Amino acid sequence: MATLRKLWRNYVFQRLVKAVIVIFAVTTLTFFLVRLMPGNPLEVYINALLSQGVPLADAQAQAAALYHVDLNKPVMLQYVEYLSGVVRGNFGTSITAVGTPVSKLVLQFLPWTLFVVMVSLIISFSVGLLLGMVMAYKRETWFDHLLSAFASVMSSVPNYLVGMLILVYLGVRWKIVDTAAIRGSHSPDIHPGFTLTFFLDALYHATLPILTYVLTTLGHWMLVMKSSTLSTLGEDYVTVARARGLTDARITLAYVGRNAVLPLFTQLALSIGSAVGGSILIETIFTYQGIGSQLSLAMVGRDYPVMQGVFIIITASVVTANLLADMLYSRLDPRIRVQGR
Amino acid sequence: MSALRTAGSGLLRSLKIMARNKVGFLGFVLVVLIVLIAYIAPLFVPLDKTAHVEQIYEGPSASHLLGTDYQGRDNMSQILNGGKDIIYVAALAAALGVSIAVVLGSLSALLGGVVNNLAVGLAEMVLTIPHFPLLIVLAGFMRLTRPTSLALILGALSWAGLMLAIRSQVLSLKEREYVQAARCLGLPIRHLLFQEILPNMMSYVVISFVLAMTSAMYQQVGLIFLGIVPLASSNWGVMISLAWSQGAIFSSESSWYLLMPIAVVALLQFSLVSMTRSLDELFNPRLRMGE
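Protein chains in written order, with our numbering: chain A, 1 to 341; chain B, 1 to 291.
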């Protein structure tokens, strides 16, 4: 018991347990949504087959195969089997793309979304930090006012609307971007692999989604970094550093920047979640073939096994990203690690 | 009559304080205007849903100030009629989310113990699950047909972050002397919450309400755009969704049908966000010290 308690005090362990609980809860939720809701997709599917003249036993067998469940067993037993399937990466098969395992769809499309989200996040986070710091140092100048106005407008307009405007203006009106060539996640004649051509091609196809993400999240980082820098500038250790006669560059980087950035890391973790969530809309708009557009296709086609599987995977990847961000944060700020003790 | 006058002058004074932040006041005025128009205009401008094939996708003209849509219907009247539901859903969702956040947040701070652990654990969990995909999955199974049910779902998922913030506010407020005094008098939790603590967080709660409206609007219009919420009625989201699927982006005449609802939604979002600055000015006396 004492060892358990000691283990629980370990920050990383605690986060790990919470992450597993979240994924478990989401899996449970989707399982029971499919089976227990009135007019649930299983019943609908079986009834549809029955009305086509398929005998009940066959219809049930087909539904069971799709959802990876045995309908003759009690719900709780089905639930346990579903869970063990999920643990082994088995999410059933797609209804619309007959016979394709959901896990295969996920493996095929998830990397693209993660690629776009990660690249956008890195760009907007680092540019936002830089501009935010400059804004704080040059506060109340025209530079600060201009960027503040830009930041508050861009962070309040929904990202999918910005995406549409980008497509209307850059693509159709001004014809800066060839909308037909940039569709999809890579050109059909270039095959995925660890080559520079492939990487550049992937980057080219991701330009517009990345631009949309960066434009709509940049403002937030700028404003937060500006206020965080402003409060850091008033700290005693900055005054002391000045009194010691350290160079401005050293004070800015080692004393102000490093401390001002800390509170932003907690927000970084949450922004991963909203970026992956937003990918559903962004990818649909740019017809980018990632996990988000798969979810919205599954939604329109009422492809419940795919919806379930994709949703669990999206949650799992967001939770993992959160976990990594948390660990990184606890490395950077030791106060977090020792808080519980 | 005199009560009316006091109320009037109080309102005037509040407006003056709010006007101190120009961008914020502009936002406030725009929000009031947009909401008023969205609710009053439908009484005067009827929505004509009959198709006019002879005037499909026309640009702006004297008879159709904002052009026509893919069935030749007037865009202007659709814009005027299309805000009511969107604003209603956003406001209801925000009200629900903020209420849950306030109740759970203050209870877990005041009661502590098991309630606190459970509420915080639940909030952290809801916060980690990506909201938009969850909404899509829920909407897929629940077949949201009425605006109210959409608002309830949006609200039921939006409380977590705010709840944690309110909890930490209450944790610090409850150590204040006047709350301690009320506690020592043995006053019930209800009194502590509604008479002592809540009035002191009102500014934060109101501003959170406005910001919750913006995120409810983001999710709502997004869901409508994806076609997950049935397109029975006509509103800005439905306009965007139809304009997108009917290829309105491809010419400059037709793109009015897409750009106008985008402009209105974006303007309302921006106005709501900047309005919070004026509200801050109004509620936060420390900001207007040298008066």
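Source of the hints: derived by calculation from the structure; they are not laboratory data. Model, not experiment: these values are computed from the prediction. Please note that the accuracy of each hint is not assured.
[Claimed, not checked] Here's a subset of chain B near chain A, in silico, CB distances under 10 Å, partners left out:
no., residue
1, L15
2, V35
3, L36
4, T128
5, I129
6, G140
7, F141
8, L226
9, P230
10, W244
11, Q246
12, I249
13, R277
Even for Gly, the Cβ is constructed at its ideal location relative to N, Cα and C.
Going down the list of hints, with the structure as the test:
1. Among the interface hints, the one on L15(B) is violated; its C-beta lies about 22 Å from the nearest C-beta in chain A, farther than the 10 Å criterion.
2. For the restraint placing V35(B) at the interface with chain A, the shortest Cβ-Cβ distance is roughly 17 Å, beyond the 10 Å limit, so the hint is violated.
3. At a threshold of 10 Å, the smallest CB-CB gap from L36(B) to chain A is about 21 Å, leaving the interface hint violated.
4. Evaluation of the T128(B) hint against chain A yields a held restraint, the C-beta minimum of about 5 Å falling below 10 Å.
5. The interface hint given for I129(B) holds, since its Cβ lies 6 Å from the closest Cβ of chain A, which is under the 10 Å cut-off.
6. Interface restraint check: G140(B) against chain A, minimum CB-CB distance 5 Å, threshold 10 Å, status holds.
7. The criterion of a C-beta within 10 Å of any C-beta in chain A is met by F141(B), whose closest approach is roughly 5 Å, and the hint holds.
8. Among the interface hints, the one on L226(B) holds; its C-beta lies about 5 Å from the nearest C-beta in chain A, closer than the 10 Å criterion.
9. Interface restraint check for P230(B): the shortest CB-CB distance to chain A comes to about 13 Å, outside 10 Å, so the restraint is violated.
10. Because the closest C-beta pair between W244(B) and chain A is about 7 Å apart, less than 10 Å, the hint holds.
11. Taking 10 Å as the C-beta contact cut-off toward chain A, the hint placing Q246(B) at the interface is violated, the least distance being around 14 Å.
12. The criterion of a C-beta within 10 Å of any C-beta in chain A is met by I249(B), whose closest approach is roughly 5 Å, and the hint holds.
13. The interface hint given for R277(B) is met, as the beta carbon of that residue sits about 9 Å from the closest beta carbon of chain A, less than 10 Å.
Of the numbered hints stated above, those contradicted by the structure are hints 1, 2, 3, 9 and 11, listed in ascending order.
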